[in-house]
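Just so you know, the protein sequences line up as chains Y, S and V, in that order.
Numbering-wise (my numbering), the first sequence opens with residue 129 and increments by one.
Numbering-wise (my numbering), the second sequence opens with residue 3 and increments by one.
Numbering-wise (my numbering), the third sequence opens with residue 16 and increments by one.
Treat the hints with caution; some may be incorrect.
[To be verified] The following label-pair restraints were derived from C-beta to C-beta distances: (1) S/116 with Y/159: 35 to 43 Å; (2) S/56 with Y/184: 39 to 47 Å; (3) Y/517 with V/38: 18 to 26 Å; (4) S/56 with V/205: 50 to 58 Å.
Hints in this document: simulated from the structure, not taken from any laboratory.
Every residue gets a Cβ at the ideal spot worked out from N, C-alpha and C, and that includes glycine.
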Amino acid sequence: MELIHKNLPALIVVLPLCMGLLTSIIGRRGLGWWMAMATTGAVFAMSGQLLWNVMHDGAYQITYQMGSWPAPFGIVYIVDPLNASVLMVVSTIAAVLTLYARKSVASEIQKNRLHFFYALWLFCTTGLLGITITGDAFNLYVLLEISSLSTYTLVALGRARNRRALTAAINYLVLGSIGANFYLLGIAYLYQVTGSLNMADIHHILVNQVFPTWGGDAPQYRTTVIVGFAFMAVGLSLKLALFPLHGWLPNAYTYSPSAVSGLLASTATKVGAYAFIRVIFTIVGVDFAFGLLHTDTALMVSAGAAIIIGAWLALKQTNLKKMLAYSSIGQIGYITLGFSLNNVNGLTASIIHLFNHALTKGSMFMALGVVVYRLGNARITDVRGLGRQLPVTMGVFVVGGLGLIGVPLTAGFISKWYLVTGAIQAGRYEMAAVVLVGSILALMYVWRVVEQIYFGKRDENAPKLREAPLTMLVPMVLLAAASIYFGIDARATSWVSQTAAELLLGVKL
Amino acid sequence: MQIVLDYYNYWICIILMMVGFYGVIAKTNLIKKALSLSLFQTGVLVFYISIGKVDGGTGPVLDEANADAVYSNPLPHALMLTAIVVGVATLAVAMAIIVNIRERYGTIDERDIEDIEHQTEE
Amino acid sequence: MTPEMTIALALGTPLVGAMLIAMAGKVPNLREAFTLLTALATFGLVASLYPLVIAGNQPGLFLLEIVPGVPLSFKVEPLGMVYALVATLLWIPNSLYSIGYMRGNNEKHQTRFYFCFPLAIASAVGIAFAANIFTMFVFYETLTLSTFPLVTHKGNSDAVKSGRIYLGILLTTSVCFQLLAVLWIYALYQGGDVSGIDFVRGGIFKEGLASGAVAPTVFGLLFFLYIYGIGKAAIMPVHRWLPAAMVAPTPVSAFLHAVAVVKAGVFCVIKVTVYVFGANALLEYGQGHWLLYVAGATILIGSLIALFQDNFKKRLAYSTISQLSYIVLGTALLTPIAIMGATLHIIAHAFGKITLFFAAGSVYTAAHKTQVSQLDGIGRRMPWTMGAFTVGTLSMIGVPVVVGFISKWYLISGVIERWELPGGHFDEVFALLVISFSTLLNAGYFLPIVYRAFFKPLKDEDLKHPHGEAPWPIVTALMFTAGLTLFFFFWNKPALELAELVRRAVG
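The following block holds chain Y by itself, in its conformation from the complex:
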């Protein structure tokens, strides 16, 4: 037990990796799901434990040295409140969605391929967890590719229902790979300057040895650092689908299997956002990124455009999964806006929204998954009059929708609370206005669907639908309930997020 305890940071990545391999070998005849479920369940427990540990640790930091190699030489895994909360998001969503996937995936993928699906599923989780926990910039790239490669394949598995999944996947692959390579190139520049790959070490060297020379006549490596950061920023923006680099996202979300849409929407882009926060706040530092380069202004413009244009495009969609995908682009805008404000409330908003939006969007994609499961598609005309036939599923969808709008007593409201306060405190009144206008647009695109659900008439001769099977219903309701619970009592989430934000900004040492 002590052994497990001490090695938790490594286990949380290694366990799903090994189980993924094992699943691909022995996971036939339904065993694959059980293995995935057990693994994600264990990972969930572990990340809960890690979060607990780190929040009750005096230094708010747990360091784990891989193979006991000390810091700048070996790879270290570092857990702090920020990535512990992201780990929590990823593992919660993974566990809940694995439960959900059982029926849903079985209806969308050939039987003899199921164990591969769950293997990829676990690899994807591995990658996401790894990106989050690692303290090494190159290791982050490797794990990014592990999660990305498995995601491309998972998206392509949607081919059984719609061949467009394939084109969506290849599109995602091309853009994703370019993004990853940009990031890799960016690291090369920083490595050239600092000779280190350890995030904290890079920061240390930059701040103590490189930046101080920039004020004088002979600035060292000024261009190199700037170019390196630029490459990393663009690469990660592609990964997190920051407007206008979001081109791959709508189709990838729309045509992948329902469970995969849920996983992607609630975790993949969130982890991308996390990595971006790390690069800005931990590796190069705010003074460089925001103070010198004014990246914050660029990010705010992008974020503002994402919020408004994402929501506007969402309003135009007839395919509901695509609508949610565009809405996700807008939500990424909220997250980006939050950390670009560079104050405690803004950053808290970003971090808390990672979690809150995962709950909201996850549950909504799951609800649409049920519609797909029963009807084979999820266009706006398909949900007409479903309010009476699938009351629970549609209830979940509406609760999620209210969260997107940011109605009080839903988790989405808490995010908005911090975000707008942060924007006002930063003196960015126009961004506060953008956020609120975004809420109104969200109201419009959500309500358009709600009207169809409750006031639309289903065809007279259409068959009566049964409510979703229990394994799909339970996870969905759990997430929806959580999104309400964390809207009413956000003390825990805001405690963690605020601590993380204060640590990142150096307010709390």
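Fit chains S and V to the supplied structure of chain Y, relying on the hints for placement.
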């Protein structure tokens, strides 16, 4: 001219990357696209490998006889082993998807696929 | 029972009631019994706090902290008490009336209908007792959402369209303006520029304004955001939702116009003016002046539109818009007596308007008539209904012997009180003109209905379709509210005592 010769390794890497990047953007044949992506990746690999070279350095094998020996940095090379594996895997996944696309669309040309997607409903 | 517990129960009883109603959905009689019991119990609980408030106490309840430093908490003060009492008291006849109306018209989905009412009442009580701007905002939004299914009850395309306007306007204003103002104040509070987010006597800006931490223009802008963030007060030009919501069944209209929704709007206007911005601070720094004129314009334009509406309920709706702005006007005068008048007008208008709506619904149920021009001679067939209607009308005009007179009296006294302040008297003259002219207009659009009903003969086609009074629950309910309208003119001590406390809180 001197600047080209002095930084020839960077030039190679830039050329490789740009050729790859151009291919990714301009080619409509998916296989060519995937190969261009590979080329792009190779550019990054070359960059890494060349920055590991230390002027006058020898291979990084401990030479006990010569305590003052200067070694090239082996770390970027080691990193690139991983990156090469990633590149191969990416190419493999891309090819697998392209094969599937050929089966389902009957073509691997992006423009044709777009036309087909426009003609058929979702 | 401690006051804390009473507050908690007053909020919780309607929620429990809603659950019971949902569970008893299959047994209509039981379901309706639960509705009435919940209404009675809620009123009883709220009323039991009255002696405490009169004695000068302000019992509070801390429910929970949503995020650190932002609690959902409640404090009962005189103004909130007025609104809570009005809403819960009028919910009793409203429930009774609903039963008659829904059964009389064979409406569908009655369980959903009865389920939403208590949720809305709980929200109303939450607004009334809110101790800080955050709590008020939360319940303001839940009130909007819980009444949405009521407004769109019929489910046809008209209802959907109106629901869109209802939700669109109310949520847009509250999210874009009110929430912005709330968060702005919260941001100021975190920066130490205002004293808190709780409602306090004299407002929270006093120190900030005095020390220059908050610029008067920001103060004025926040006031603007807040007032227009309260779309429920239906100040022009954000009044469109109110006529649109007329597609709802009449009990819902009555609920919107008299019991909870619009009253929540004007209540919030008074509350933030007095307890967030501070009437004296607004006067001193010369902010919020525009509100007087906007309210005046709303009164006159609303009345003029009402004059030309043939649809019975639409005419009542525009009358509401105009009457609400009396309350806003009283608030905008910013003097203690005027605000006291505004408070009393909440009561007066509620009693009067609910009677008028009950009458309109009664006519619809018994005779299926929706237009004013169809009402010739109907007073002879439905004497009770039209009698009550007449009482409500007189209260709207502000004739003595009915409660409307009292509030108008105090409003005018408020104008006179303001006359003593230094400066020009343009505002006061304007207010007086608006009040007197709109009284004429009120008479102009209401009295013809009374005249038609009682003095014109029945039309020929009506003679072929004989009908009598509406079902007894409807008649009982409207007689009760008409009785209140009369009764309160003579026995207005509780109302005046509370309003007096409000006056002192302003001064």
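Cβ separation of residue 56 of chain S and residue 184 of chain Y, checked against the hinted range 39 to 47 Å: Roughly 46 Å apart at Cβ, these two residues keep to the hinted range, so it holds.
| request: Mind checking the hinted window 35 to 43 Å against the Cβ distance between residue 116 of chain S and residue 159 of chain Y? | output: holds (41 Å)
For the pair residue 56 of chain S and residue 205 of chain V, does the Cβ-Cβ distance stay inside 50 to 58 Å? Hint holds: Cβ distance 53 Å, inside 50 to 58 Å.
- How does the Cβ-Cβ distance of residue 517 of chain Y and residue 38 of chain V compare with 18 to 26 Å: does it lie in that range? holds (22 Å)
Figure legend: structure checked against the earlier numbered hints; every hint is met.
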